[in-house]
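Sequences are here, hints too, so could you generate the full structure?
2 protein chains.
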Amino acid sequence: MSKINELKAKYKSYVDEMLLYGHCGYVLSWDMETEAPNGSVNDRSKYLGELSKKGFQIVMNPDYINTINSLLEYSTLDKITRHGCELAKIGYDKIKNIPENEYVEFQVLLGQSQHIWGQAKRSNNFELFKPYLKKIVEFKRKEIAYRTTADKKGYDILLDDFEPNLTQKTCDKFFDYLRANLVPYINKITKSKTNEKPAFVTAKYNLDKQRKFSRTLMKSLCFDNERGVIKESEHPFTSNFNNTDVRFTVHYYEKDFLSAIFSCLHELGHATYEQQIDSSLNNTVCSGGVSMVVHESQSRMYENIIGRSKEYWQVYYPKLQRMFKANLGNVSLDEFIAAINTVEKTLIRIEADEMTYPLHIMVRYELERDLMSGKLEVDNIEQAWNKKIKDYLGIDVPSVALGVLQDVHWSGGMIGYFPTYAIGSAYAAQLFAMMSKDIDIPASLAKGNTKQINKWLKEKIHRFGSTKYPNEILHDACGDLDPKYYVDYLIGKHKDK
Amino acid sequence: MSKINELKAKYKSYVDEMLLYGHCGYVLSWDMETEAPNGSVNDRSKYLGELSKKGFQIVMNPDYINTINSLLEYSTLDKITRHGCELAKIGYDKIKNIPENEYVEFQVLLGQSQHIWGQAKRSNNFELFKPYLKKIVEFKRKEIAYRTTADKKGYDILLDDFEPNLTQKTCDKFFDYLRANLVPYINKITKSKTNEKPAFVTAKYNLDKQRKFSRTLMKSLCFDNERGVIKESEHPFTSNFNNTDVRFTVHYYEKDFLSAIFSCLHELGHATYEQQIDSSLNNTVCSGGVSMVVHESQSRMYENIIGRSKEYWQVYYPKLQRMFKANLGNVSLDEFIAAINTVEKTLIRIEADEMTYPLHIMVRYELERDLMSGKLEVDNIEQAWNKKIKDYLGIDVPSVALGVLQDVHWSGGMIGYFPTYAIGSAYAAQLFAMMSKDIDIPASLAKGNTKQINKWLKEKIHRFGSTKYPNEILHDACGDLDPKYYVDYLIGKHKDK
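Residue numbers (the working numbering), protein chains in the order written: chain W, 1 to 497; chain E, 1 to 497.
If you're looking for bench data, these hints aren't it; they were derived computationally from the structure. Nothing here was measured: the structure is a model prediction, and the numbers come from that model. Just to be clear, a hint being listed does not mean it is correct.
What the hints assert, rightly or not - Rough simulated footprint, nothing fancy, chain W against chain E, three-plus residues with beta-carbon under 8 Å: (1) 34 to 40; (2) 44 to 52; (3) 227 to 237; (4) 253 to 265.
Unchecked claim - Cβ-Cβ distance ranges computed for the label pairs, FRET-style: (5) E:Pro318 to W:Ala338: 46 to 56 Å; (6) E:Ile4 to W:Arg211: 56 to 66 Å; (7) W:Ser279 to E:Pro131: 46 to 56 Å; (8) W:His115 to E:Cys222: 53 to 63 Å; (9) W:His409 to E:Ala443: 54 to 64 Å; (10) E:Gln57 to W:His115: 31 to 41 Å; (11) E:Ile80 to W:Asn66: 35 to 45 Å; (12) W:His115 to E:Asn449: 35 to 45 Å; (13) W:Ile116 to E:Asn449: 49 to 59 Å; (14) E:Ala338 to W:Ala199: 48 to 58 Å.
To be verified - Sample of chain E residues with no beta-carbon within 12 Å of chain W, all distances over it, derived: (15) Phe56; (16) Ser70; (17) Lys89; (18) Leu110; (19) Arg247; (20) Ile337; (21) Lys375; (22) Gly403; (23) Glu459; (24) Lys493.
Even for Gly, the Cβ is constructed at its ideal location relative to N, Cα and C.
As structure tokens, then:
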């Protein structure tokens with residue numbers, strides 16, 4: 001065997017072992033979230049921990065790292081292997097300079113802090129969580145220092161963890177545009193509005209019928225049941241292993257039927273992406289969706305741009321009406337469309353509508369950025385949060401549970417994650433605008449499925465899996481991020497009503 | 001650390017790793033059987049194969065074996081560790097003398113032969129499967145030769161694989177008694193019978209209501225939902241990891257509601273056993289049920305002795321009737337009890353009633369025994385099968401699909417397995433007779449649950465897990481196997497009707 005083939009064989013055997021642990025972790029986690037009995041949770045967590053330890057041992061194994069470095073020296077190395085090696089090297093470089101004892105300490109801290117955050121939120125007591133958040137911020141600042149290079153420094157380092165190559169400069173420019181254009185518009189349109197929901201929105205809807213309607217939605221988005229599963233869990237999510245096994249969950253509420261519909265469409269966006277990745281990438285390290293932003297751009301396009309459009313519901317609303325005659329028999333399509341597209345200033349991010357959502361993200365982004373630069377300290381974060389909510393959304397925050405404590409992310413050490421939600425939504429609008437040039441979307445949706453849309457997205461985004469950097473894929477598909485598309489879409493949609 | 005503690009720590013780290021692979025295999029298999037999409041089956045099989053390879057590598061690791069042998073030299077070794085080491089040594093000794101290439105060849109053969117068996121059964125063509133069965137028998141004969149010791153030889157070696165310490169001598173004595181006492185009795189009582197089933201047995205029963213009734217059965221047997229799951233699969237089974245995670249499946253048929261009821265009770269027998277094993281054994285190699293015979297003794301006691309008794313249904317039949325008024329409204333408890341306790345000579349083992357069931361096993365036992373001794377060859381097995389079915393059940397076998405090809409076991413190399421079904425049933429009767437001396441079973445069942453019965457079985461059988469040999473546990477609970485209990489129970493029950 002030639003030297004390069006020897007190295008490739010060695011690399012493959014490491015990758016195969018990581019994929020084995022990854023596959024086991026995938027099934028064990030899915031099982032834990034969807035059906036494992038309560039009594040088994042301790043054992044399960046232990047084994048999940050052992051699996052990730054085994055994976056970590058390979059990632060940090062000097063022989064594995066040497067193999068990767070040696071392979072990267074060959075200019076003849078095939079593109080996919082090269083990209084996989086590069087990603088592995090980047091992953092290793094991220095942690096190699098963090099002292100092991102500090103890293104371990106931080107993992108222990110995170111285990112506790114998520115638990116404490118839950119307590120603090122339930123008892124509406126920020127003081128309980130504050131010392132943990134302080135330690136997390138302190139670690140993250142030190143982590144930045146350890147990881148600073150000529151190319152990357154500050155908050156950029158954390159942004160890059162969740163979205164490769166995303167920078168503070170890009171985010172600042174993006175949110176500046178939103179602040180200047182969206183905040184005054186929302187202020188204007190919400191001034192004279194009443195916030196009462198139509199009765200049919202909060203009426204009771206039979207759970208089994210809701211489940212059945214999810215099947216209709218799945219069919220409309222061309223979900224392949226031979227390579228996927230739908231199930232239920234407390235919080236909806238999508239997970240997958242190769243394009244042959246893509247699973248998602250929905251949570252059904254009797255008195256909030258819209259929740260299941262839109263979380264189903266959202267997760268179907270993630271799932272469609274994963275199901276359409278090229279089969280040749282199965283069982284490689286590039287077999288999954290490439291990043292948070294790209295994933296959110298897909299889920300939000302299906303959930304919001306398509307899933308809240310009149311074109312889509314022209315076909316599906318009559319079916320929904322037939323299924324829930326008592327509740328929807330006298331509700332017209334236009335009334336339904338209006339109800340699923342209201343704009344309202346509210347306190348909770350995950351319940352926010354499409355238009356106000358990015359302002360919630362902007363608040364979190366600015367706070368994170370300032371925490372990392374040292375401009376803001378945890379002692380002042382509650383006041384800073386409340387002020388920004390007042391400035392951007394014009395409402396007073398009545399409690400920390402409805403304010404700074406509402407999200408789980410920071411307690412899990414995830415600083416740098418939030419921006420991906422808003423930037424993903426923005427890319428959804430930008431991609432959709434590009435797609436509209438190539439295909440007649442309303443005519444396509446009138447056929448009752450997203451076949452043509454899926455095809456376009458597969459060609460431009462999905463098929464690549466993780467074989468390129470996310471910004472490359474997005475750039476090739478729709479150019480550099482331009483928040484104008486997003487704001488134009490949001491405002492245009494509202495004006496049309 | 002003392003030498004023994006060093007060895008114990010080393011042993012524990014091997015065991016922990018095996019338990020990790022075991023736990024992953026448990027969840028992956030469960031998922032594959034109950035919900036994984038069809039498209040994922042190839043990947044899944046591959047990863048299951050890799051997990052068992054990893055487990056096997058430890059079992060055959062010389063350092064592991066040395067550790068075990070060294071530990072066994074310490075007289076101060078605690079009982080549970082000693083027993084675990086002994087079992088490991090026995091497991092290793094079983095394969096150490098089989099040449100590796102032959103062992104691997106055999107595994108490949110089994111992979112093919114199960115597939116071919118399916119084809120042969122579907123096309124009713126024994127010739128297709130015959131060459132594979134010949135090779136399997138040939139390997140098993142050679143395996144016996146390789147594994148023969150001063151203590152163990154012949155068919156005993158294979159019996160021991162499925163039921164430690166079970167011997168041909170025990171089986172011969174057992175089946176001789178059945179042949180002498182059960183065959184003539186069944187002949188007598190089935191002479192004048194018509195085989196028509198009452199209409200309510202084959203009527204249509206709503207599947208969702210059947211599912212709901214399974215919940216009632218689970219409650220009646222005190223199944224702990226906090227440490228277990230019920231689900232559906234093609235063939236019902238129970239699987240488990242520790243007493244904290246015990247799962248079973250049922251298959252529902254619209255036109256055979258009794259199938260789901262009795263398979264649910266059967267699997268609940270297995271599940272109750274696993275849920276009642278002592279918690280201190282969790283995460284050791286002794287945490288599961290000890291053997292096939294002991295497991296079947298539990299599942300068949302709950303399914304047949306309790307589950308087909310008037311005492312049990314006195315409480316539950318009114319509930320069943322209420323749920324299926326149209327079908328059962330005019331069927332009395334006595335008619336229902338008669339219908340679930342009919343005796344009928346039939347061709348298919350898995351559909352056989354409680355009384356004729358052991359005769360089906362006897363046929364297979366005698367054929368296996370004679371194949372292994374060389375008294376019978378595969379070329380004559382079809383004729384031998386048909387003759388025995390005629391001799392014991394008095395019926396002609398119309399096709400190989402309904403005859404010698406009906407069971408999957410031999411195609412999977414499982415020679416020595418069948419007797420455990422019948423001996424398990426016999427122990428069920430013997431244990432039940434002992435239990436009747438200690439507790440008032442009818443009074444206990446009148447309370448609507450098996451709490452007292454579970455308690456007795458936990459004390460005598462369940463709690464030990466695999467910390468003793470199965471014959472020890474059974475001996476301590478009810479003495480040596482005496483088929484008279486079994487035959488007396490079967491005949492007595494029938495006479496009572």
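Here is what the structure says about each hint:
no.: 1; hint: 34 to 40; result: holds (count 6)
no.: 2; hint: 44 to 52; result: holds (count 4)
no.: 3; hint: 227 to 237; result: holds (count 4)
no.: 4; hint: 253 to 265; result: violated (count 0)
no.: 5; hint: E:Pro318 to W:Ala338: 46 to 56 Å; result: holds (53 Å)
no.: 6; hint: E:Ile4 to W:Arg211: 56 to 66 Å; result: holds (58 Å)
no.: 7; hint: W:Ser279 to E:Pro131: 46 to 56 Å; result: violated (37 Å)
no.: 8; hint: W:His115 to E:Cys222: 53 to 63 Å; result: violated (33 Å)
no.: 9; hint: W:His409 to E:Ala443: 54 to 64 Å; result: holds (59 Å)
no.: 10; hint: E:Gln57 to W:His115: 31 to 41 Å; result: holds (38 Å)
no.: 11; hint: E:Ile80 to W:Asn66: 35 to 45 Å; result: holds (43 Å)
no.: 12; hint: W:His115 to E:Asn449: 35 to 45 Å; result: holds (37 Å)
no.: 13; hint: W:Ile116 to E:Asn449: 49 to 59 Å; result: violated (41 Å)
no.: 14; hint: E:Ala338 to W:Ala199: 48 to 58 Å; result: holds (56 Å)
no.: 15; hint: Phe56; result: holds (14 Å)
no.: 16; hint: Ser70; result: holds (26 Å)
no.: 17; hint: Lys89; result: holds (26 Å)
no.: 18; hint: Leu110; result: holds (23 Å)
no.: 19; hint: Arg247; result: violated (8 Å)
no.: 20; hint: Ile337; result: holds (34 Å)
no.: 21; hint: Lys375; result: holds (46 Å)
no.: 22; hint: Gly403; result: holds (36 Å)
no.: 23; hint: Glu459; result: holds (22 Å)
no.: 24; hint: Lys493; result: holds (36 Å)
Checked against the numbered hints listed earlier, the structure breaks hints 4, 7, 8, 13, 19; every other hint is satisfied.
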